[in-house]
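J.: Okay, here's what each chain looks like letter by letter:
Number of protein chains: 2
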Amino acid sequence: MKTINIGILGYGIVGAGVAKLLKEKQELLTSRIGAVLNLKTIADIDTKTDRGIDLGTTALVPDAQKIINDPDIDIIVETIGGETFAKEFILKALENRKHVVTANKALIAGFGNDLVNTARENQVDLAFEASCGGCMPIIKSLRESLVANNIKSMSGILNGTCNYILTKISNDGSEFEDALKQAQELGFAEAEPSLDIDGYDTAHKLAILNSLAHGIKINLKDIHVEGIRNITPVDIEFAKSFGYTIKLLAIGKMHENHVEARVHPTMIPDTNPLSHVEQSMNAIAIDGDATGQTMLYGHGAGMMPTASAVLSDIADIARNIICGIGGRVPILGYPEENIKSIPILPMEELYTRYYMRFEAQDNPGVLSKISGILGDNKISIESVHQKGRMDNGNVPIVMITHIAKEAWVQQALKQISSIDSVVGIPVIIRIEEIIQE
Amino acid sequence: MKTINIGILGYGIVGAGVAKLLKEKQELLTSRIGAVLNLKTIADIDTKTDRGIDLGTTALVPDAQKIINDPDIDIIVETIGGETFAKEFILKALENRKHVVTANKALIAGFGNDLVNTARENQVDLAFEASCGGCMPIIKSLRESLVANNIKSMSGILNGTCNYILTKISNDGSEFEDALKQAQELGFAEAEPSLDIDGYDTAHKLAILNSLAHGIKINLKDIHVEGIRNITPVDIEFAKSFGYTIKLLAIGKMHENHVEARVHPTMIPDTNPLSHVEQSMNAIAIDGDATGQTMLYGHGAGMMPTASAVLSDIADIARNIICGIGGRVPILGYPEENIKSIPILPMEELYTRYYMRFEAQDNPGVLSKISGILGDNKISIESVHQKGRMDNGNVPIVMITHIAKEAWVQQALKQISSIDSVVGIPVIIRIEEIIQE
Numbered sequence: 000m001k002t003i004n005i006g007i008l009g010y011g012i013v014g015a016g017v018a019k020l021l022k023e024k025q026e027l028l029t030s031r032i033g034a035v036l037n038l039k040t041i042a043d044i045d046t047k048t049d050r051g052i053d054l055g056t057t058a059l060v061p062d063a064q065k066i067i068n069d070p071d072i073d074i075i076v077e078t079i080g081g082e083t084f085a086k087e088f089i090l091k092a093l094e095n096r097k098h099v100v101t102a103n104k105a106l107i108a109g110f111g112n113d114l115v116n117t118a119r120e121n122q123v124d125l126a127f128e129a130s131c132g133g134c135m136p137i138i139k140s141l142r143e144s145l146v147a148n149n150i151k152s153m154s155g156i157l158n159g160t161c162n163y164i165l166t167k168i169s170n171d172g173s174e175f176e177d178a179l180k181q182a183q184e185l186g187f188a189e190a191e192p193s194l195d196i197d198g199y200d201t202a203h204k205l206a207i208l209n210s211l212a213h214g215i216k217i218n219l220k221d222i223h224v225e226g227i228r229n230i231t232p233v234d235i236e237f238a239k240s241f242g243y244t245i246k247l248l249a250i251g252k253m254h255e256n257h258v259e260a261r262v263h264p265t266m267i268p269d270t271n272p273l274s275h276v277e278q279s280m281n282a283i284a285i286d287g288d289a290t291g292q293t294m295l296y297g298h299g300a301g302m303m304p305t306a307s308a309v310l311s312d313i314a315d316i317a318r319n320i321i322c323g324i325g326g327r328v329p330i331l332g333y334p335e336e337n338i339k340s341i342p343i344l345p346m347e348e349l350y351t352r353y354y355m356r357f358e359a360q361d362n363p364g365v366l367s368k369i370s371g372i373l374g375d376n377k378i379s380i381e382s383v384h385q386k387g388r389m390d391n392g393n394v395p396i397v398m399i400t401h402i403a404k405e406a407w408v409q410q411a412l413k414q415i416s417s418i419d420s421v422v423g424i425p426v427i428i429r430i431e432e433i434i435q436e
Numbered sequence: 000m001k002t003i004n005i006g007i008l009g010y011g012i013v014g015a016g017v018a019k020l021l022k023e024k025q026e027l028l029t030s031r032i033g034a035v036l037n038l039k040t041i042a043d044i045d046t047k048t049d050r051g052i053d054l055g056t057t058a059l060v061p062d063a064q065k066i067i068n069d070p071d072i073d074i075i076v077e078t079i080g081g082e083t084f085a086k087e088f089i090l091k092a093l094e095n096r097k098h099v100v101t102a103n104k105a106l107i108a109g110f111g112n113d114l115v116n117t118a119r120e121n122q123v124d125l126a127f128e129a130s131c132g133g134c135m136p137i138i139k140s141l142r143e144s145l146v147a148n149n150i151k152s153m154s155g156i157l158n159g160t161c162n163y164i165l166t167k168i169s170n171d172g173s174e175f176e177d178a179l180k181q182a183q184e185l186g187f188a189e190a191e192p193s194l195d196i197d198g199y200d201t202a203h204k205l206a207i208l209n210s211l212a213h214g215i216k217i218n219l220k221d222i223h224v225e226g227i228r229n230i231t232p233v234d235i236e237f238a239k240s241f242g243y244t245i246k247l248l249a250i251g252k253m254h255e256n257h258v259e260a261r262v263h264p265t266m267i268p269d270t271n272p273l274s275h276v277e278q279s280m281n282a283i284a285i286d287g288d289a290t291g292q293t294m295l296y297g298h299g300a301g302m303m304p305t306a307s308a309v310l311s312d313i314a315d316i317a318r319n320i321i322c323g324i325g326g327r328v329p330i331l332g333y334p335e336e337n338i339k340s341i342p343i344l345p346m347e348e349l350y351t352r353y354y355m356r357f358e359a360q361d362n363p364g365v366l367s368k369i370s371g372i373l374g375d376n377k378i379s380i381e382s383v384h385q386k387g388r389m390d391n392g393n394v395p396i397v398m399i400t401h402i403a404k405e406a407w408v409q410q411a412l413k414q415i416s417s418i419d420s421v422v423g424i425p426v427i428i429r430i431e432e433i434i435q436e
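If you read the sequences in order, they're chains C and A. Its first residue numbered 0, the first sequence is counted upward by one per residue in numbering that gives the first Met the number 0. Its first residue numbered 0, the second sequence is counted upward by one per residue in numbering that gives the first Met the number 0.
Among the hints, erroneous ones may be present.
Where chains are identical, the list cannot tell them apart; a pair therefore holds if satisfied intra-copy or between any two copies.
[As the list claims (entries may be wrong)] The list that follows gives simulated cross-link-like pairs (lysine to any residue, SDA-like), each with its CA atoms no further than 20 Å apart:
1) K239 x T270
2) K239 x D269
3) K339 x E26
4) K1 x E335
5) K339 x Q25
6) K151 x Q25
7) K19 x M302
8) K216 x L27
9) K252 x L27
10) K386 x G374
11) K1 x N337
12) K252 x E347
No wet-lab data here; the hints were simulated from the structure. Model, not experiment: these values are computed from the prediction.
Please take these sequences and the hints and turn them into a complete structure.
T.: Put into structure tokens, the structure is as follows:
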């Protein structure tokens, strides 16, 4: 029976998860794949800490080059993270004609086009199922299952930390800062949480998925990104009263000559299956022109769910090695020559519906002033909601607009902010309906 | 550029959907796969009816043998349905060393082991993604994405007709017969609805999925099957009051020396994501030991969702043909020699919780008699609910049990039915909790 040798770069949480599966599931994997997946070497600066895994004959070494330059190793798993060493090691590994599997979303989102080219030039595979949505088979779905579909739109809850915090605010009425603190205490948020809560992690994943869905180059820099720091229990309560939930969504849509790619808190109706995705769970809804609405749901992070996705990539590559082939499915779903360059719609060009909340001193003229400014900016109001009074005596005024252009809304908000009796910065949350088929 | 020739047997709804995608998405498919998927011939007895598809150079012939014996055809799509001609044609096609793609769940569930053997002997692929869950990539997930997981359990809403009817009863309080009639009028149910509403269609799918999930031979005959004919608005209302929803579930679970495989109406808590799957939508929750809970959601039937799944199989096979390989992924997920024969647990051996509803004449002693019989049969009661009075003056008595054995429950029900003041046949609905990780 053939033996396929594997090396892991980075023996942290995910690296240890991959090692655990390769060791503990060796019999299962061999029985399914018909070859032995042999974890030959793991490299990590820390060779001392016990990760609780019986490594048997697997070597644990401090030097990554021991793996990258080992002629016996067929597949290298990169679980270092970050964009410096990981990038250098992956490039070197690809140049040494090793297949590479990574969970590194920041790296693929930031440098994926280059890495893909290097892989192609060296006729090896670069696989990254674990980079988006943890164990959900979203990349395989886009590259293989949905092959006959034009993807009209995707919307995803792709960051467990944000979803946990939003669920917490929604269920307990916590303020954002308290919910974040709790999430940190429970290990759902990092001590330095910006990557998650400011939306960048979600944007990394969207950049990758948008490329695969639409056959375009990976483009991170043009994605509009907003996080969840400004979401308050008040907005969540208003949303509930309208039959809506607030989620941090990654939204990607295909149009004639451009794509939409944006990450921001979004109000979705309770009839949207994403609205029931709670706690730290992830989900992505995909609307293909043949399939209609579909959704994948699962753990978007964590040691074993992520490791499971890495193993699915390893198995794919192993099956190719056994058959003596490579490049069976193009890395980005399309052969390079068919990958288009389609621009991302500038945010100010977006048309959508808006939830707006203003905090105003209880002044008889303020509603008229606000609606006047909205009207002057061509924004048509669907409904107005004013109820209760805040602790400071001010009143919240909530408006739902009909479809309006982002540029008009931003202009109107600037003007409304300058009204004397409007306090603080107005809140806007974009509304996303389910596309009816 | 390579051309791969395809023939379709059966030009009904699904066959026409496949033809439509092959014709209208030719450019997309060529740009992704790097080969031309050429629909050479379609065979159907009816060569006259206009299906609204521009066939161009594709021949429409009345004789299936024109496809089966055509040396130029690489892949044959079977969309005839049924178990007679379809089986004969598929066997002949496999023997002629054609790859076969089918959406025929009854055939795969009933004769899959033989068909798989024939495909293997002739070193061709047999693919059936469209047989289970329409466009949801459930078969690809089990065979490829979850490769490093032992599947602890699966539970699926796999029949859109049943889910539509149950949603209707739940939302409108309709009786079953009225909901069925409406479903038939709207095209969600067949004129002869038994295959769907009596659970057989769901059982076909479960037989296939259980095989793939657990690496066992396809076994349809030992699956316990109950349909939804006896579900009443009363039971759905009781379920709601406990925070539960009633769904027709396919349940598959792995144990040490046996598997569970059963299809029946099931009460699931509102915290189970399956409880939010409404109307004719399908979903399947899979609990892998590495992934934890995951779920796929989508249209389980219909012309284009089914055709999309057929095309994903065609693309997989085409990519293998281009690479000059076959049998890259074993048809049932494991090579034949590693497929186990594990028995399905006899239903009477099942342990689960039960919802029971008795209709009783308002007789002071009846509650004591019922609970006495349950106690004598070792069934422990978690809660008792008696409220309101039915139109006929009788009272509904509802009990939720702790975990009990099916054999005890059936024995107790027989005894309870013989109590004079108990009217009609008691209703039982099994309760399925989410497995906590």
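J.: List, from low to high, the hint numbers that the structure doesn't satisfy.
T.: 10
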